[in-house]
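K.L.:
As given, the protein sequences belong to chains A and B, one line each in that order. Be aware that the first sequence starts at 25, since it is given in my numbering, and climbs by one per residue. Be aware that the second sequence starts at 15, since it is given in my numbering, and climbs by one per residue.
Misleading hints may appear alongside valid ones.
[As the list claims (entries may be wrong)] If we take Cβ atoms under 10 Å as the criterion, some of the chain B residues that face chain A in the derived model are:
| no. | residue |
| --- | --- |
| 1 | I67 |
| 2 | R72 |
| 3 | A119 |
| 4 | W123 |
| 5 | D188 |
| 6 | P189 |
| 7 | H190 |
| 8 | S202 |
| 9 | A204 |
| 10 | A206 |
| 11 | V254 |
| 12 | T258 |
| 13 | A334 |
[To be verified] In silico negatives: residues of chain B with every beta carbon more than 10 Å from chain A:
| no. | residue |
| --- | --- |
| 14 | S19 |
| 15 | V136 |
| 16 | A320 |
| 17 | V328 |
[Stated by the list, open to error] As a list, the in silico EDC-like pairs of lysine to aspartate or glutamate whose alpha-carbon atoms are at most 16 Å apart:
| no. | chain 1 | residue 1 | chain 2 | residue 2 |
| --- | --- | --- | --- | --- |
| 18 | A | K113 | B | E49 |
| 19 | A | K113 | A | D94 |
| 20 | A | K225 | A | E291 |
| 21 | A | K113 | A | D126 |
| 22 | A | K113 | A | D84 |
| 23 | A | K225 | A | D277 |
| 24 | A | K225 | A | E285 |
| 25 | A | K225 | B | D207 |
| 26 | A | K225 | B | E126 |
Simulated from the structure, these hints should not be mistaken for lab results. None of the values given here were measured: they were computed from a predicted structure. Quick reminder that beta carbons are idealized off the backbone N, C-alpha and C, glycines included.
One letter stands for each residue in the lines below.
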Amino acid sequence: MRQFLLPLAAAVLGQLGVVHAAPVEIASCYGSFSYDTAPARAVTLNQQATEIMLALGLEDRLAGTAYLDDRMPLQWQSAYQRIPVLAEKYPAREVVLASEPDFLFAGFASAFDKSNLGSAAEWQALGIGTYLSDAACSLHHPGDVPLTVQPLLTDIETIGRLFRVEDRAKALLANLSARLEAVADAGSDRDMTAFFYSNGKTSPYTIGCCGSPALLARSAGLSSITEDINGAWAEVGWETVMARNPDVIVLIDATWSSAAEKRAHMEADPVLSQLDAVRNGRFATVSFSNTVLGARFLEGVERLNAELEALD
Amino acid sequence: MQPSSSAALSLGVALLFLSMLAGILWGTAELSWAERLHVLTRSDDAPRGVSLIIWQWRVPRVLAVALIGAMLALAGVLMQSTLRNPMADPYIMGLSSGASAAAVAALIWLPEGVVQMIGVPVISFLGAGVAFAMTLLLSVRRGHSLDPNIVILAGVAISLMFQSVTSFFLYIGDPHASRSALGWLMGSAAGADWADIPVLVAGFGLIAVPAFRYAPSLDAMLLGDQRALALGVRVDRLRVLVFTGTVLLTGLAVSVAGIVGFVGLILPHLARLLAGARHRVLLPLATVLGALTLVIVDLLCRTLLAPEELPLGVLMALFAAPPFILILRRARRAV
Chain A
25 MRQFLLPLAA
35 AVLGQLGVVH
45 AAPVEIASCY
55 GSFSYDTAPA
65 RAVTLNQQAT
75 EIMLALGLED
85 RLAGTAYLDD
95 RMPLQWQSAY
105 QRIPVLAEKY
115 PAREVVLASE
125 PDFLFAGFAS
135 AFDKSNLGSA
145 AEWQALGIGT
155 YLSDAACSLH
165 HPGDVPLTVQ
175 PLLTDIETIG
185 RLFRVEDRAK
195 ALLANLSARL
205 EAVADAGSDR
215 DMTAFFYSNG
225 KTSPYTIGCC
235 GSPALLARSA
245 GLSSITEDIN
255 GAWAEVGWET
265 VMARNPDVIV
275 LIDATWSSAA
285 EKRAHMEADP
295 VLSQLDAVRN
305 GRFATVSFSN
315 TVLGARFLEG
325 VERLNAELEA
335 LD
Chain B
15 MQPSSSAALS
25 LGVALLFLSM
35 LAGILWGTAE
45 LSWAERLHVL
55 TRSDDAPRGV
65 SLIIWQWRVP
75 RVLAVALIGA
85 MLALAGVLMQ
95 STLRNPMADP
105 YIMGLSSGAS
115 AAAVAALIWL
125 PEGVVQMIGV
135 PVISFLGAGV
145 AFAMTLLLSV
155 RRGHSLDPNI
165 VILAGVAISL
175 MFQSVTSFFL
185 YIGDPHASRS
195 ALGWLMGSAA
205 GADWADIPVL
215 VAGFGLIAVP
225 AFRYAPSLDA
235 MLLGDQRALA
245 LGVRVDRLRV
255 LVFTGTVLLT
265 GLAVSVAGIV
275 GFVGLILPHL
285 ARLLAGARHR
295 VLLPLATVLG
305 ALTLVIVDLL
315 CRTLLAPEEL
325 PLGVLMALFA
335 APPFILILRR
345 ARRAV
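So that you can see chain B by itself, here it is in the shape it has in the complex (with noise of 0.2 Å):
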């Protein structure tokens, strides 16, 4: 590991945990100091309300935050490597517009019980592994490797098909419905309670561990699928795994906060300007960014305009913009 980007990796990972630290002693209420120090020293002082307000739903929130743009960040890298694409993201595949549609066909139209009995997670997680199987479905032939562009193309096809599907239920739902259904689109950490955390840790585990150990076969993916193959790197068994991996991950993320889009996308890039293409370098940081950047607009979604909340789209939309630019004028440069 160079020394810069070993600087650039524990940067990132101080950074992340005072911005956790501050999404948890800043929020929609405003909690006065006595108070907060009360509550984070667990001292018999602190007011009940405040304390649930920290222990069950600041804490479990960032937390899950925190997971998830490591999620989405760590899914980025591994679709833009395997496909060989600088605009793929953990997305391409239709899985968002897959979850979309599934919840909100469910907030819309399923009746409340059946929708409280199954939840919208479940139901969610369940549309995005559709529209991955229906896309991977489109793109295998009998005979012949993965190609990376016809992949991509079947996502854009599957993904248009399942935004008709979600526009069809946001019109003809009831206003209120359709609003409730708008914030999950729009992607919100609102609801992510410590129930979330396991789930989310174990997925981000069984993912991030053998991505690690496969780093030097992401490493000779980059070179092409001839020299791959030539390097002992069996591509279409790692662009499987790494696919069923970025659904675990996205589906995962997309069963919590709904839609967040731009971490996958762009921190990858962010984490490549710092510290190279190498997986083994690339992959930690690209996964600090994603939690730290997450967990700073989550928190700036939390109090911009408390004691209103903003959808994480709205502030991740517009956080992306710039380095995304960025990133356009050095790789002009570089051409």
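Okay, chain A solo, but in the shape it has when bound (with noise of 0.2 Å):
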């Protein structure tokens, strides 16, 4: 009989142990919510939350991801194929719910508008976890204050401990810090201005003081002509651009306006080919997820200062 007792309440014992192991209790932009178990179905809904999920490896704690802003990069893509699509941008509620998620993870504030999936709070009330990427949450990162690189580590951080997987996030976190040692390094002694162009042919959409784009130029050791306006991103005037005289024009290159077609407006513009940086070929270019402050962040900031090293 006590042979047989013993394992049993072991078993009873552990099974309590792991229902009852300390709920994680997790803080998001709007406000925390605690986990008695790592979610199972979590869903992404933007392609930087999707990666952190991949880079962590855990494609099988996925039952959804939604809306990528371009390709997911090779080292992931066996990983993501095998994950349900929800919809080409935000799924409608009802696909989400349908998709019976215990975890609804977002890159962007706009996730959670109210026309697309609905309040974070709604969410939670059904029982279902939100997390914002937390250099979305405008609560902690205002427009005008630079954002620093912390709201990436918090995020691997907080998602790590979130599923209990955080021997991988530590591992992750120390390859991101070492790689950020490197790139400062590398661009400290860099004396360049630069232009960001994101998409515009009339008046040019760039990078505004404070965003992860800004974050971006800061680390790559380059000064942005637009570093006085405030916000992540800008809209500014072509005279801005030809006024300033840029050394470098980094081109960020995204499916709905790719590199290669910017370049080519600048270089056949009566105007703006007559920028320095355009008549000497100074250009730089880093895919749009590069300025996102996500799984592919430092790959940007690398990517560009060989970029940049090439030019000189």
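Build the complex: two chains, separate frames, hints provided.
P.N.:
Printed below as a string of structure tokens:
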């Protein structure tokens, strides 16, 4: 009897131990939420959220993904293809609910707009936890305070803790920190002004002072010619670009506005083609995902660094 | 011409020249006075970049904006007089909605290459033309003359239809593409260049000269169709001429600067307050005031938030509201 009871008791206690192992309290932009167990059916709503999950090897916990801004990079493609895509952009709430999620992870605050998924509080009332990338939380990061790389580290640490994969998170953070130091060294003595060109022909859409794109510029040792403008992104007049005559032009490559198309536009324009940077072919390219403070941000800094070195 | 209205006209022309000069001297980029003077005197010391900013961008832009303001105000006077409706404006026959729907559909839906080849200006002009044709078809009844109220109602119906098309494309479009389409809907002269100027001048001249010659007939239209007919005005023919002229004026304006509201609605009223309803005086004054207003508003759009730029529509609505309230109060007192 004792031989039988002991393992049983151990098993029961073990079970209880798993269920009642201290619930994890996760703070997000919209308040904190307590998770008794690690989510098993998570849904990511933006590319950077999906990429953080994949970077932590959590593809088996994903019940769905949505909204790509550009192509999923090669290293994660096979994992990504096994996860259902709920919608090309934001899925309707019904679709999200039908996928029976236990956790929603968004990269941009627009995911929880009324016209998209609805507020985080409503989902939490249904017992479904939500998390918004810390960099996208305007409560924590107002538009006139320059962003640091800390929100990315916070995201990785938080997601690691929530899914009980702290060791993977720690390894990823160590890797990122080492690379961060390396690029900071490489860009430290660079004295170069840059114009970041996102899209727009009649007036260009470019970067502001304080979002993740400006952090990308600073991390590569560039001083952006539009760092006097509040916010993450801004539309400026071409006059400003002409008058401030940047040393280099950084083209942001996206599915909706390719780098090649923007370079061709500047080279064909009778006035813009007279800019020193255009005449001397001093262009560099980063992809849109590199300007978002996600798992591929550092890759963007490294790429920009390499391209700028090649120009010199 | 009464002395007061000719004084208003000369003052308007003088202010127009001053504001155009200001529009060339100031802009989104901060330039030093030395640079500006060197460039304007075509001195050899002029920095090349600044010289390009002023001669290739600011001068054509100010000219285009002045022409567009003039064209919209002229179209507004013509529409208000021939439809005998104070709320009529150049867009009342669905032109802006047709142009917007075509432009937004092209920006969001058509492949980039095709849009580049045809050009958004041409596409939006065609959209305006289609909307106009549909409104006219809806208003015409065989054997009857055109009823202004039916024209207005048909215009409202066609506008609503095209607005839903525009909303549809904005909604399904990628947010980044929708953003640039939205900029177009709020009006901006940022894309104006020298190539636009001859087209605008030709369009304006083609309508302004005959409009001035028809001034007495337009005066007669204000008395009502019956009396105008009695005075020998061929009412229907004049209306169709005016509508066609408006399509040309408005379509060209929209194709260069997108949808610029209020100029065509408010400025004609303001001119009427200053100079009365006689078209020989009203037409030139409204035209000059339209040009003056848009040049000033465009300058403010470029300088208020520099180095960022505001769309014309944002400030135009802000500036249009006070005079409109004034007109309303005057009109109520008159009644």
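K.L.:
Does each hint fit the structure? Answer for all of them.
P.N.:
Comparing the hints with the structure gives:
1. Annotation: interface hint on B:I67 holds; nearest CB of chain A at approximately 5 Å, less than 10 Å.
2. For B:R72, the interface hint holds, since its Cβ comes within 10 Å of a Cβ in chain A; the closest pair sits about 8 Å apart.
3. About 16 Å separates the beta-carbon of B:A119 from the nearest beta-carbon of chain A, more than 10 Å, and the hint is not met.
4. The interface hint given for B:W123 is broken, as the beta carbon of that residue sits about 13 Å from the closest beta carbon of chain A, more than 10 Å.
5. Residue-level restraint check for B:D188 holds (minimum Cβ-Cβ distance to chain A is 5 Å; threshold 10 Å).
6. Because the beta carbon of B:P189 sits about 8 Å from the nearest beta carbon in chain A, less than 10 Å, this interface hint is met.
7. This hint holds: B:H190 has a C-beta 5 Å from the nearest C-beta of chain A, less than the 10 Å allowed.
8. With its C-beta approaching chain A no nearer than about 7 Å, B:S202 sits inside the 10 Å limit, and its interface hint holds.
9. Using the Cβ-Cβ criterion of 10 Å, the hint placing B:A204 at the interface with chain A is satisfied: the shortest such distance is roughly 4 Å.
10. A distance limit of 10 Å between C-beta atoms decides the matter here; for B:A206 the minimum to chain A is near 9 Å, and the interface restraint holds.
11. Interface restraint check for B:V254: the shortest CB-CB distance to chain A comes to about 35 Å, outside 10 Å, so the restraint is violated.
12. The interface hint given for B:T258 is violated, since its Cβ lies 29 Å from the closest Cβ of chain A, which is over the 10 Å cut-off.
13. For B:A334, the interface hint is violated, since its Cβ never comes within 10 Å of a Cβ in chain A; the closest pair sits about 23 Å apart.
14. For B:S19, the shortest C-beta to C-beta distance to chain A comes to about 38 Å, beyond the 10 Å cut-off, and the non-interface label holds.
15. Non-interface status of B:V136 relative to chain A is upheld: no Cβ of that chain comes within 10 Å, the nearest being about 16 Å off.
16. Residue placement check: B:A320 does not keep its beta carbon more than 10 Å from all beta carbons of chain A (closest about 7 Å).
17. The Cβ of B:V328 lies farther than 10 Å from every Cβ of chain A, with a closest approach of about 13 Å, so its non-interface assignment holds.
18. Distance restraint check for A:K113 and B:E49: the Cα-Cα separation of roughly 49 Å exceeds the 16 Å cut-off, and the hinted pair is therefore not satisfied.
19. Proposed proximity of A:K113 and A:D94 is supported: the alpha carbons are some 12 Å apart, at most 16 Å.
20. Distance check on the hinted pair: A:K225 and A:E291 sit about 12 Å apart at the alpha-carbon level, within 16 Å; holds.
21. A distance of roughly 20 Å separates the Cα atoms of A:K113 and A:D126; the hinted pair therefore is violated under the 16 Å criterion.
22. Only pairs whose Cα atoms come within 16 Å are accepted, and A:K113 paired with A:D84 is rejected, the gap being roughly 22 Å.
23. Between A:K225 and A:D277 the CA atoms are separated by roughly 15 Å; this keeps the pair inside 16 Å, and the hint holds.
24. This hinted pair checks out: A:K225 and A:E285 have alpha carbons roughly 10 Å apart, not beyond 16 Å.
25. A distance of roughly 13 Å separates the Cα atoms of A:K225 and B:D207; the hinted pair therefore holds under the 16 Å criterion.
26. Of the supplied pair hints, the one linking A:K225 and B:E126 holds, its CA atoms being roughly 12 Å apart against a limit of 16 Å.
In summary, the numbered hints that this structure violates are 3, 4, 11, 12, 13, 16, 18, 21, 22.
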